[in-house]
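Chains A and B supply the protein sequences, listed in that same order. Following numbering that gives the first Met the number 0, the numbering of the first sequence begins with 0 at its first residue and continues without gaps. Following numbering that gives the first Met the number 0, the numbering of the second sequence begins with 0 at its first residue and continues without gaps.
Hints listed in this document are in silico derivations from the structure and should not be mistaken for laboratory results. Treat the numbers as computed from the prediction; the structure is a model and nothing was measured. Incorrect hints may have been included.
[As the list claims (entries may be wrong)] Derived DEER-like restraints, expressed as beta-carbon distance ranges: (1) A:Leu13 - B:Leu22: 18 to 24 Å; (2) B:Ile17 - A:Val53: 25 to 31 Å; (3) A:Leu13 - B:Leu58: 15 to 21 Å; (4) B:Ile17 - A:Leu2: 18 to 24 Å; (5) A:Ser1 - B:Leu69: 16 to 22 Å; (6) A:Ser1 - B:Arg24: 43 to 49 Å; (7) A:Arg26 - B:Gly52: 41 to 47 Å; (8) B:Ile21 - A:Ser1: 37 to 43 Å; (9) A:Arg26 - B:His51: 39 to 45 Å; (10) B:Leu61 - A:Leu2: 28 to 34 Å; (11) B:Phe14 - A:Ile6: 36 to 42 Å; (12) B:Met50 - A:Ile6: 17 to 23 Å; (13) B:Leu58 - A:Gly17: 28 to 34 Å.
Virtual Cβ for every residue (Gly too), placed ideally from N, Cα, C.
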Amino acid sequence: MSLLSTILMALFGLVATGGAIAVVWGRDPIQSITALFVTMAAVGLMLITLGAYVIGLIQLFILSGVLFVLIIRKAVWLPWGERSRDSIPSTSTFGWILLIVLLLMLLNSVFQTEMDPGMYAESMPSAPDESTINWWYALGLLIILAIAALVAMRIGWNKSAEAGDRGGIA
Amino acid sequence: MMVQIAFLAASALVFLGISGVILRRNPVVMLVSIELILNAANIILVASDRMHGTTDGSLFVLLLMPVIILEILVAFAILIALFRGESNADVDELSSMSG
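Just chain A, with the same shape it has in the complex (with noise of 0.2 Å):
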């Protein structure tokens, strides 16, 4: 096991204890779930660290992506007051918290070349070379990784143009 993996496995609890921590002692609801965002996309790369790639990557994109955009739009028409409307942010900082992901990513994947290709391409019985595996998994990663920051970007921008003619709530 590389000293890179060990190092950025630190980096990624780092991270989720940090968002854990202002997920309790967040100010309003809209803050604890935004750190609850942070936590559990740290916990996502935490998973693909350890080589479950495919739970990792559903965690990233499934539970912390998707769920954070629906919850934080719906929790916009919760009446927790002006304050917990202001300290919601815009999902550009969705697309710019995955471009943060993506370079992780990038790092990870470049830099540790002993990458385990996953207990799913261990399990299988034709599973190929690992290092073809490794590079595969890599680029697919951040094919994903980046069409997924860029709609990200794209509807944030849209929606915080919106919001702007609204009075500023996105």
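Chain B: place on chain A using the hints.
The following block gives chain B in isolation, referenced to the frame of chain A:
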């Protein structure tokens, strides 16, 4: 070393999640604190797989994820329905669902 760090982070998430459920009175914060505990369960299951070289834990995680999604959606739907029109959300003042 990596697995130990994963277990350490999962322990922190469980501790913080339980703290959030116990200490906070806002239902949304309590709900996301439960999410922290479920995330810790995911980490522990995958890290255990990694440690023992098995895939059973990952299967549990794949089953757990739809449960997490449904739990979030149903719980939030109930919360929105209960606290719509309220200026303050506090579970101690919630009585409309008492049996």
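Results for each hint:
1. A:Leu13 - B:Leu22: 18 to 24 Å: At 22 Å between Cβs, range holds.
2. B:Ile17 - A:Val53: 25 to 31 Å: holds, 29 Å
3. A:Leu13 - B:Leu58: 15 to 21 Å: violated, 29 Å
4. B:Ile17 - A:Leu2: 18 to 24 Å: violated, 33 Å
5. A:Ser1 - B:Leu69: 16 to 22 Å: violated, 38 Å
6. A:Ser1 - B:Arg24: 43 to 49 Å: Since Ser1 of chain A and Arg24 of chain B have Cβ atoms about 45 Å apart, the given range 43 to 49 Å holds.
7. A:Arg26 - B:Gly52: 41 to 47 Å: holds, 44 Å
8. B:Ile21 - A:Ser1: 37 to 43 Å: Given range 37 to 43 Å: holds, Cβ gap about 39 Å.
9. A:Arg26 - B:His51: 39 to 45 Å: Distance hint for Arg26 of chain A, His51 of chain B holds at roughly 42 Å.
10. B:Leu61 - A:Leu2: 28 to 34 Å: holds, 30 Å
11. B:Phe14 - A:Ile6: 36 to 42 Å: Distance hint for Phe14 of chain B, Ile6 of chain A is violated at roughly 24 Å.
12. B:Met50 - A:Ile6: 17 to 23 Å: Since Met50 of chain B and Ile6 of chain A have Cβ atoms about 19 Å apart, the given range 17 to 23 Å holds.
13. B:Leu58 - A:Gly17: 28 to 34 Å: holds, 30 Å
When held up to the earlier numbered hints, the structure conflicts with 3, 4, 5 and 11 and fits the remainder.
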